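*Asks:* Read off the chains here:
Number of protein chains: 2
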Amino acid sequence: MKWYGGVEAGGTKFNCIVASDPDHILAEIRIPTTTPTSTLPQVVTFFNQVQQDHSISLASIGLGFFGPISLDPSAKDYGFITSTPKLSWRDTAIVPFFEQNMHLPVAFDTDVTAAAVGEGLWGAARGCKHLIYITVGTGVGGGVINDGKPLHGQIHPEIGHMFIPHDFSKDPYAGNCPSHKDCLEGLVSGPSIKARWGQPAESLPADHPAWDLESDYMSYALANLIVSFSPQRIILGGGVMKIPGLIEHIRAKTISKLNGYIQNENLIHNTEEFIQLPGLADRAGTLGSIALALSVA
Amino acid sequence: MKWYGGVEAGGTKFNCIVASDPDHILAEIRIPTTTPTSTLPQVVTFFNQVQQDHSISLASIGLGFFGPISLDPSAKDYGFITSTPKLSWRDTAIVPFFEQNMHLPVAFDTDVTAAAVGEGLWGAARGCKHLIYITVGTGVGGGVINDGKPLHGQIHPEIGHMFIPHDFSKDPYAGNCPSHKDCLEGLVSGPSIKARWGQPAESLPADHPAWDLESDYMSYALANLIVSFSPQRIILGGGVMKIPGLIEHIRAKTISKLNGYIQNENLIHNTEEFIQLPGLADRAGTLGSIALALSVA
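Protein chains in written order, with our numbering: chain W, -14 to 282; chain B, -14 to 282.
One or more of the hints may lead you astray.
[Stated by the list, open to error] 25 Å max Cα-Cα, derived SDA-like pairs, lysine to any residue:
#, chain 1, residue 1, chain 2, residue 2
1, W, 179, W, 226
2, W, 238, B, 159
3, B, 238, W, 238
The set of hints was computed from the structure by calculation and includes no laboratory data. Computed from a predicted model, the values in this text were never measured in an experiment.
Given these sequences and hints, build the entire structure.
*Replies:* This is the structure in structure tokens:
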């Protein structure tokens, strides 16, 4: 059996894993995101310790990182975190660090693209060539697979910062995105819900008006993604999406907003399949990084 | 010299061309869009006449069509117009018709994707691997090239039907999209401008408030396309985009809305290059269909 190392690197923690696939997970660890010189060596130590403890050799490493990151293999800064607001991580060489310290092939992408790759390989989008993974938590991000391959464009998508209709008479909250105020992230993220209603998302009851707003905004975003990318499936991950009943509202409102214009049989007649929670649940990110690792092993 | 036949097929007219490239155009004709049994044979007659008159043989045919169309080569209805509101064209076999009547290789895509391919090959996006072509005229449509290839997803993009912020206190017009009212097309198309202001776009002076609204909506759409696809270039075609000064307003507002979040050097420092009018001008569609034809010759 081949083993791979995976890292889901977020703003507060690095979730690290050694696995072959979702049914064969050897070890997992959570390392706090502090500074590159502290956090990155701890990841290497974890991978080396697991190799030693289990007498295995990793075949490759997959990294799903917070961004923005440089994904152009021909660029001088390929494999770097670039202009992130987390200043100590700005312009940090990630891929070179792991190549030099692990002497293994390294796959690198955004955290949300890793999750999309994992959901496409093992999760709720198995067999789909065109899929989108969206996470709604502290922030909002999205990864796109088109024709079986991660879509990067010149940099990579930043879907969380899409602009959507915001009816101030219904929702006077200004939005909390530091760059755009009421972009998608500024209206639907966990912190925006807490700021708007004075309590965290998970403490709001199912009949709270928060969920009508949240599903309304999310369905605008999904409609926009559907008319832009024509995906076969959309996976909704992240803490906020765990609220019971929320995805059902989002499904219904997405269909209602598109109003029959997009004649996609599966979207219209099998919306529960088209719009889903992650099949890999809380491991969408870490197992996604293992799925990335497979592609370079 | 190799010659190709191209068709830009729209709801009111089929623009047909025989050319090698933008510098070598042998013949052009405009055929009204009536019914398939009338319009399609006229296209074949034109191509055959040009071949006879000039003693040439076409190498292939490129078709850029109004949609929705079926682009999945494995689908039973590949090469068909599918659920179009133009009833006489619904479920019409386009590629089979040209294959059977011209006995030539046929390339098929949406009209806007053809224009995107042409702009990437010969026009204002030469050398770009990631580009988007948007047309704003009777309707609004968009074609996307990612990694050098037309992006289709499961069906194809319908970018004109994206939802964007609509401030009713500033613009009480409800929008005229039959499916979505105030989606992008419902707010910025030529007919929506005429319906809102009571006179056609081309008769409104440069300082008319119409252009502040138009550039505002278009810049929301461009910002959304930039955060979604991370393109290298966006080309703005169609009749409405010819209004003097409009593209300058759109550029400035797009940069302002993104507010520095997308650290794309060319977007920020060279916006006049990033957001452009079609280099092929009114032939973006027809020469785009020639560019499609090249890919199958």
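*Asks:* It remains to establish, for every hint, whether it holds in the given structure.
*Replies:* Right, here's what the structure says about each hint:
Note on residue 179/W and residue 226/W: the hinted pairing holds, with a Cα-Cα distance of about 15 Å set against a maximum of 25 Å. Of the supplied pair hints, the one linking residue 238/W and residue 159/B holds, its CA atoms being roughly 20 Å apart against a limit of 25 Å. Restraint check: the Cα-Cα separation between residue 238/B and residue 238/W comes to about 30 Å, which exceeds 25 Å; the hinted pair is violated.
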